[in-house]
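Going by the working numbering, the first residue of the sequence shown is number 37, and it counts up by one from there.
Think of the hints as simulated: they come from the structure by calculation, not from any bench. No false leads were mixed into what you were given.
Computed beta-carbon distance windows for the label pairs:
1) P186 with D228: 23 to 33 Å
2) L184 with T56: 36 to 46 Å
3) P84 with A141: 15 to 25 Å
4) G223 with G45: 53 to 63 Å
5) L55 with G142: 22 to 32 Å
6) R47 with L115: 23 to 33 Å
7) P82 with A141: 17 to 27 Å
8) A219 with V153: 44 to 54 Å
9) L115 with Y69: 20 to 30 Å
10) P42 with P136: 42 to 52 Å
11) C110 with G226: 52 to 62 Å
12) P82 with T56: 34 to 44 Å
Result set (DSS-like, lysine-lysine): computed pairs, CA atoms no more than 30 Å apart in a straight line:
13) K294 with K222
14) K222 with K240
15) K298 with K222
16) K222 with K329
17) K222 with K242
18) K329 with K298
19) K294 with K329
Yeah, the Cβ is synthetic: ideal placement off N, Cα and C, and Gly gets one too.
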Amino acid sequence: MKNTSPTVGQRMMLWAAALTAVALAAYGVAGSYSTIATLADQKDVPLPWLVPVGLDGGFLGVNLLDLALTWTGCSVIWLRQVARLLTAGTVAANFFAGWPDLLAAGLHSAAPVMFLVMVEAARTVFLRRLRLADATVRERIPRLRWVLDPWRTWLMWRRMVLWQITSYEAAVATEQLLGRLTAFLKGTFGSDWRRTAPAELLWKLKTGVDLADLFDELKQSAAGGSGVWDKLAIPDGEVVSIRPFAVDEQTDRLEQAKALNKQHLAIHGRPASSDTIRLALRIGAAQARALTKDIRQSMCS
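Go ahead and model the full structure; you've got the sequences and the hints to work with.
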């Protein structure tokens with residue numbers, strides 16, 4: 037992660053902003069005290085001289101407490117909402133104190149509004165620095181990519197959120213790897229690969245688990261080495277210790293299924309199920325059931 041420590045000039049600007057915020061808060065409290073007290077007296081509120089103390093004091097205290105907790109990484113969501121509510125109350129009280137003179141209303145409410153802006157900015161910076169320290173900040177996807185390819189960009193953003201990918205470059209690399217995996221599976225299992233590919237492969241492809249290792253394993257298996265095809269988990273509990281048969285359009289599917297059933301019977305002591313045949317021959321479920329039925333009939337004849 038890149039260094040985010042402020043330079044000397046940035047520190048000076050931050051100190052200047054902090055001093056401005058303190059001066060602004062002091063001015064706002066001093067200016068709104070008489071304004072809110074006068075408004076409370078006009079509305080016959082009991083102890084009108086204490087009303088600005090409670091409102092402005094609560095406004096400052098809750099905002100400072102929220103900033104302190106956010107800075108320490110212990111931000112409280114509902115406290116943030118209370119601080120905003122008190123700020124809105126202070127702004128509204130100062131605004132209506134100058135009503136119906138819009139200029140006076142704006143002058144009365146300007147100070148608390150500016151203080152609120154500075155508090156929100158500081159809180160945003162604190163949260164961002166904490167997330168940077170925890171490596172939980174997702175980089176933004178360039179706007180031009182959203183314009184050129186909105187649907188695929190949305191899918192990439194969705195995967196960044198679900199798979200906790202924070203780097204845009206890593207997200208692009210993941211998309212490219214997904215494209216290669218999809219093309220590989222389509223070339224291996226045909227256009228209906230989403231139905232005929234093993235469930236474990238589809239699960240890894242959907243959840244993003246070990247995609248790079250999965251691609252290497254698929255290439256190794258295709259080359260004839262030991263890999264993902266060594267043991268296919270079958271729903272009925274069978275384990276087939278063979279690789280898929282190469283699909284030859286000139287070869288009878290039934291003969292392939294019979295050869296597979298004979299091998300499975302020799303290894304496991306029972307005939308191959310339709311799921312075993314479907315996975316090994318990379319065919320649909322209906323065709324696999326029909327072949328299984330023909331094999332059973334030939335075994336009984």
